[in-house]
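*Asks:* Okay, here's what each chain looks like letter by letter:
Number of protein chains: 2
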Amino acid sequence: MTPRDVDRPSDPSWISDGDGAHDRTLVETWLFQLRRERFRSRASGKVHDFFVAHLADGVHVIAVTGEQQVVLVRQFRAGPRRDCLETPGGLLEPGEDPCAAGARELLEETGYAGDPAERLGTLWPNPALLTMGITTIVIKNARRVAEPRPDPSEELAVELVPVQEIPALIQSGRIDHAVVVAGLLSWLMLEGARPSQAPRDRVSWNR
Amino acid sequence: MTPRDVDRPSDPSWISDGDGAHDRTLVETWLFQLRRERFRSRASGKVHDFFVAHLADGVHVIAVTGEQQVVLVRQFRAGPRRDCLETPGGLLEPGEDPCAAGARELLEETGYAGDPAERLGTLWPNPALLTMGITTIVIKNARRVAEPRPDPSEELAVELVPVQEIPALIQSGRIDHAVVVAGLLSWLMLEGARPSQAPRDRVSWNR
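Residue numbers (this note's numbering), protein chains in the order written: chain A, 40 to 246; chain B, 40 to 246.
Warning: the hint list may mix true and false statements.
[What the hints assert, rightly or not] Covered stretches of chain B, going by a simulated chain A footprint (3 or more residues, C-beta under 8 Å): (1) 87-96; (2) 133-147; (3) 150-159.
[What the hints assert, rightly or not] What follows is a list of derived Cβ distance ranges for each label pair: (4) A:Gln72 x B:Ala207: 32 to 42 Å; (5) A:Pro51 x B:Lys179: 31 to 41 Å; (6) A:Pro133 x B:Asp154: 47 to 57 Å; (7) A:Ala60 x B:Asp154: 46 to 56 Å; (8) A:Trp69 x B:Gly134: 48 to 58 Å; (9) B:Asp136 x A:Arg75: 29 to 39 Å; (10) B:Gln108 x A:Ala207: 23 to 33 Å; (11) A:Trp69 x B:Arg79: 47 to 57 Å; (12) B:Arg75 x A:Arg79: 31 to 41 Å.
Since the hints were derived computationally from the structure, they do not count as laboratory data. Quick caveat: nothing in here was measured; it's all calculated off a predicted structure. Every residue, glycine too, gets a C-beta built ideally from N, C-alpha and C.
Whenever a hint applies, use it, and build me the whole structure from the sequences.
*Replies:* Encoded structure:
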């Protein structure tokens with residue numbers, strides 16, 4: 040086999056410029072630190088100042104009940120100024136494992152718990168600007184075990200959606216959070232590739 | 040049919056609080072305006088200050104050649120401090136149509152052009168924090184028509200990847216930008232539902 044370019048791990052094409060003398064913290068809040076950081080291209084030697092928002096990594100949870108329903112939450116999001124239908128999730132505490140954090144967030148936001156979490160993968164919601172990676176985990180046999188105890192600033196509505204309706208909810212734009220869409224579609228394709236667990240027609244689109 | 044909760048359009052559960060007297064612009068740059076904005080829950084009356092980064096909407100382009108190869112770009116991203124393999128894209132100029140912007144970005148970044156763009160959908164990379172929606176468009180019969188002319192701060196490597204290798208690149212984490220993953224998987228599922236255009240085995244996973 041001939042190695043192809045996309046298969047070769049490579050060093051970053053830009054690296055931090057020198058001693059950081061040109062880097063600045065623009066604003067610091069309880070949630071993130073917004074910085075301007077200078078990098079230098081290893082190919083051209085050119086320098087450029089990038090904006091970088093440093094914030095904690097996150098986790099999203101695909102929780103599925105024994106009746107093949109996915110546990111979703113609907114909550115207000117200030118970016119689009121409307122409510123979004125999403126998989127439950129949140130930010131990792133310092134040093135926290137994504138699987139532990141996901142089980143914690145699922146319980147807090149929905150009152151559901153289930154089997155030990157399986158890690159699906161980590162995605163970058165906005166790598167041009169945010170240091171944040173979001174890991175998607177899967178928790179099967181989820182069942183309601185407690186009252187939800189969301190954060191004081193969170194007001195969440197829990198909604199159960201049959202697995203087979205997920206593609207249509209994405210296709211119609213009712214689920215449109217990129218990390219949630221990417222996580223759910225990755226999971227459906229993986230499940231679809233194992234016919235004993237999920238029939239292939241789950242991944243077909245209604246158009 | 041009984042209307043279900045997830046099918047009902049609904050007003051936002053939180054709305055701007057009063058006259059905006061508590062809203063503050065924390066920092067303003069050429070790229071975005073970072074604000075703290077106060078919203079009030081319509082259900083509980085509770086108020087909360089949300090961080091909101093106002094920036095332009097964006098577009099990503101799934102450009103496919105006549106030989107069924109997808110035109111990708113590899114470039115440095117300051118969030119993860121490494122290079123990312125992505126669909127070409129960028130920010131919309133004020134008032135610009137996403138299809139026009141996508142064709143422009145594709146030409147600038149890769150030198151490719153093709154058929155009139157088809158709009159796939161709009162996703163929110165981080166609705167908790169960013170006002171930005173990113174539209175994914177599809178441009179078929181893409182072919183190289185010019186030299187790339189990227190922005191001064193962009194250094195891009197163009198890579199052609201056969202369509203059938205996309206799922207494995209996502210599965211292995213080599214493509215891990217959430218908007219790119221969500222766009223490519225949505226497109227593959229749509230194509231997979233029309234067997235005359237793409238065989239179903241394109242969406243199976245290698246595991």
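*Asks:* Please go over all the hints and tell whether each is borne out by the structure.
*Replies:* These are the hints, each one checked on the structure:
no.: 1; hint: 87-96; result: holds (count 5)
no.: 2; hint: 133-147; result: violated (count 0)
no.: 3; hint: 150-159; result: violated (count 0)
no.: 4; hint: A:Gln72 x B:Ala207: 32 to 42 Å; result: holds, 36 Å
no.: 5; hint: A:Pro51 x B:Lys179: 31 to 41 Å; result: holds, 33 Å
no.: 6; hint: A:Pro133 x B:Asp154: 47 to 57 Å; result: holds, 49 Å
no.: 7; hint: A:Ala60 x B:Asp154: 46 to 56 Å; result: holds, 49 Å
no.: 8; hint: A:Trp69 x B:Gly134: 48 to 58 Å; result: violated, 36 Å
no.: 9; hint: B:Asp136 x A:Arg75: 29 to 39 Å; result: holds, 31 Å
no.: 10; hint: B:Gln108 x A:Ala207: 23 to 33 Å; result: holds, 30 Å
no.: 11; hint: A:Trp69 x B:Arg79: 47 to 57 Å; result: violated, 20 Å
no.: 12; hint: B:Arg75 x A:Arg79: 31 to 41 Å; result: holds, 33 Å
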